[in-house]
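There are 2 protein chains.
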Amino acid sequence: MPTLFLTRRDIQKLLNMKEIIAAVEQVFRDYAGGKATMPAKAYLSLQNGDLRAMPAAIYGAAGVKWVNAHPRNPLQDLPTVMAVMIYNDPATGYPLAVMDATDITAFRTGATAAIAAKYMAREESVILGIVGAGRQAYTQLKAHAELFDLKLVKVYDHSELATQRFTHLFPQYNMQSTSLDEAIDSDILCTLTPTQQPFVRRECIKAGTHINAIGADAPGKQELDPRILTDAVVVVDNLEQATNGGEINVPLKKELYSVDQVYATLDEVITGKKSCRENAEAITVFDSTGLAIEDIAVAKIVYEKVRNLPGYMKLDFVEA
Amino acid sequence: MPTLFLTRRDIQKLLNMKEIIAAVEQVFRDYAGGKATMPAKAYLSLQNGDLRAMPAAIYGAAGVKWVNAHPRNPLQDLPTVMAVMIYNDPATGYPLAVMDATDITAFRTGATAAIAAKYMAREESVILGIVGAGRQAYTQLKAHAELFDLKLVKVYDHSELATQRFTHLFPQYNMQSTSLDEAIDSDILCTLTPTQQPFVRRECIKAGTHINAIGADAPGKQELDPRILTDAVVVVDNLEQATNGGEINVPLKKELYSVDQVYATLDEVITGKKSCRENAEAITVFDSTGLAIEDIAVAKIVYEKVRNLPGYMKLDFVEA
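Respectively, the protein sequence lines represent chains B and R. Residues are numbered in the working numbering as their position in the first sequence, beginning at 1, plus a constant of 257. Residues are numbered in the working numbering as their position in the second sequence, beginning at 1, plus a constant of 257.
Since the hints were made in silico from the structure, they are not lab data. All values reported here derive from a predicted model rather than from experimental measurement. It cannot be assumed that every hint is accurate.
Said to hold, decoys possible - No farther apart than 25 Å at their CA atoms in a straight line, the calculated lysine-lysine pairs in the DSS-like style are these:
id, chain 1, residue 1, chain 2, residue 2
1, R, LYS375, B, LYS571
2, B, LYS557, B, LYS463
3, B, LYS571, R, LYS270
4, R, LYS463, R, LYS375
5, R, LYS270, R, LYS562
6, R, LYS478, R, LYS511
7, R, LYS571, B, LYS270
8, B, LYS511, B, LYS478
Just chain B, with the same shape it has in the complex (with noise of 0.2 Å):
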């Protein structure tokens, strides 16, 4: 039995939001019902950076996403992060697909985090706010007009290059360049960047936003004022995550903010078993830190889409 080896070329034509959008939201509702398993991800900590091994199983699926993060790489101009999953049939464990997953990550961070403002922003959210206009606003921006009638996209970033190479890149939305207070001030707002300094300021956040707080992905990055955790209702991915490496996981150590306040993890709300909009004034958060569920129901989407296909490299790779 051959395995299929997809590169990161072939994956990019194989990813489609829309039915990202379905399958995550779909591994969401199977994690809450016990059909989708992830345990905790196992990190290999390195000089420049680290390595983290994720391993998970749906319905008809099971594999590994294997991910770097070294901050130092464009300085060779090599990529922050590179990932690569190897996708086996859970039945037999057969290594059906050894697949990069780069792209697969960066579809799934954008196709959940629209996810989670279908659930929490306010309906008639028609305003995007994108804070940090790096590869990661890409795939938010597809994901949020996906599910919303988006009138206007305020994007920031402190590199006015990447601002523009953004905001040509989509020239079927209505995209402007702002200033950071200006982005902020939108019905849902997507924060990208890596840093450790918060820089959403309280002040700046209207009654009714819902944020994505998505670049706190390890400890000691936050990009938002802990005050606005304490005033809004915060979602997490999943709780044991985003207690250490989220956007609440320096509040938590600074014990400016404590686990009781997070209301929800996103599967309770999807599901329905929490509900948290609740009224148009509500500030609301999601915390994510991406999982390793997301990741599986991608790859399986690009498995069963080519496995019968001609074009793509198989090998017999496990037999002897």
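We have chain B; now place chain R onto it with these hints.
Frame of chain B; chain R shown alone:
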């Protein structure tokens, strides 16, 4: 930068037991000196088996082995265990290679047991007993033959066919198909079965025997009468893994053995921190569960050997 793909056939041509023994011994020294890291395995439980992520880093190499154990696979002509390793540059996280790790696993397990025997068995050991003539028997024999001047190899398996296949494959050694009790009566005994019923009775173990207990690698498995453990000098490869699923796991749960009775870890023995063969009469037991540092040490040899050779598949895998 291309990623190298090494199939099982490629790997089988590249493995050399002498080199592997040297590398595995060195990695235990490195580990003892804090120069090799190995976070705990991540387990993914599945209906018919499990998958395990085994990350590790040593000088110049990092990676994860992703390996399944599906006991019913042979019913559909698939191996019980199949392993894939992603091999990274620790400085950047770049995935330098993806390689089949099935035979890497078998070779490093054999190498580690032979190294344990070098430090734990009587120096004049010349009779090797092998119980269980499956795949692991091949690499156990190869490894012990590198380090001992074997005069006789006694083999027992409940399958006559397995024994015959094994003994015919090594005409260069004095191989003998024997009863179970005769095989146990050896200078060095390797137990290589997946049983949950301890079959090595205390009465059969003569003074001075060294036992490599390899079979038990998951909760519930055991091969040795627990009285052997209480009477022997017991060395484990890793205390956490051994406690969880090694030879000592069932006796620990039944309170027939306690963790305090474990004498040392293999790295302590190799570095001379603990000496375990005080006299010719002692019974010694090495409880092997298999470590991620052993895998990465072997993967590094393989990668260094072929990185600049033509004839292996290279793909621009993680680049867009």
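Hint check:
| no. | hint | result |
| --- | --- | --- |
| 1 | R/LYS375 <-> B/LYS571 | violated, 43 Å |
| 2 | B/LYS557 <-> B/LYS463 | violated, 40 Å |
| 3 | B/LYS571 <-> R/LYS270 | holds, 21 Å |
| 4 | R/LYS463 <-> R/LYS375 | holds, 19 Å |
| 5 | R/LYS270 <-> R/LYS562 | holds, 11 Å |
| 6 | R/LYS478 <-> R/LYS511 | holds, 13 Å |
| 7 | R/LYS571 <-> B/LYS270 | holds, 21 Å |
| 8 | B/LYS511 <-> B/LYS478 | holds, 13 Å |
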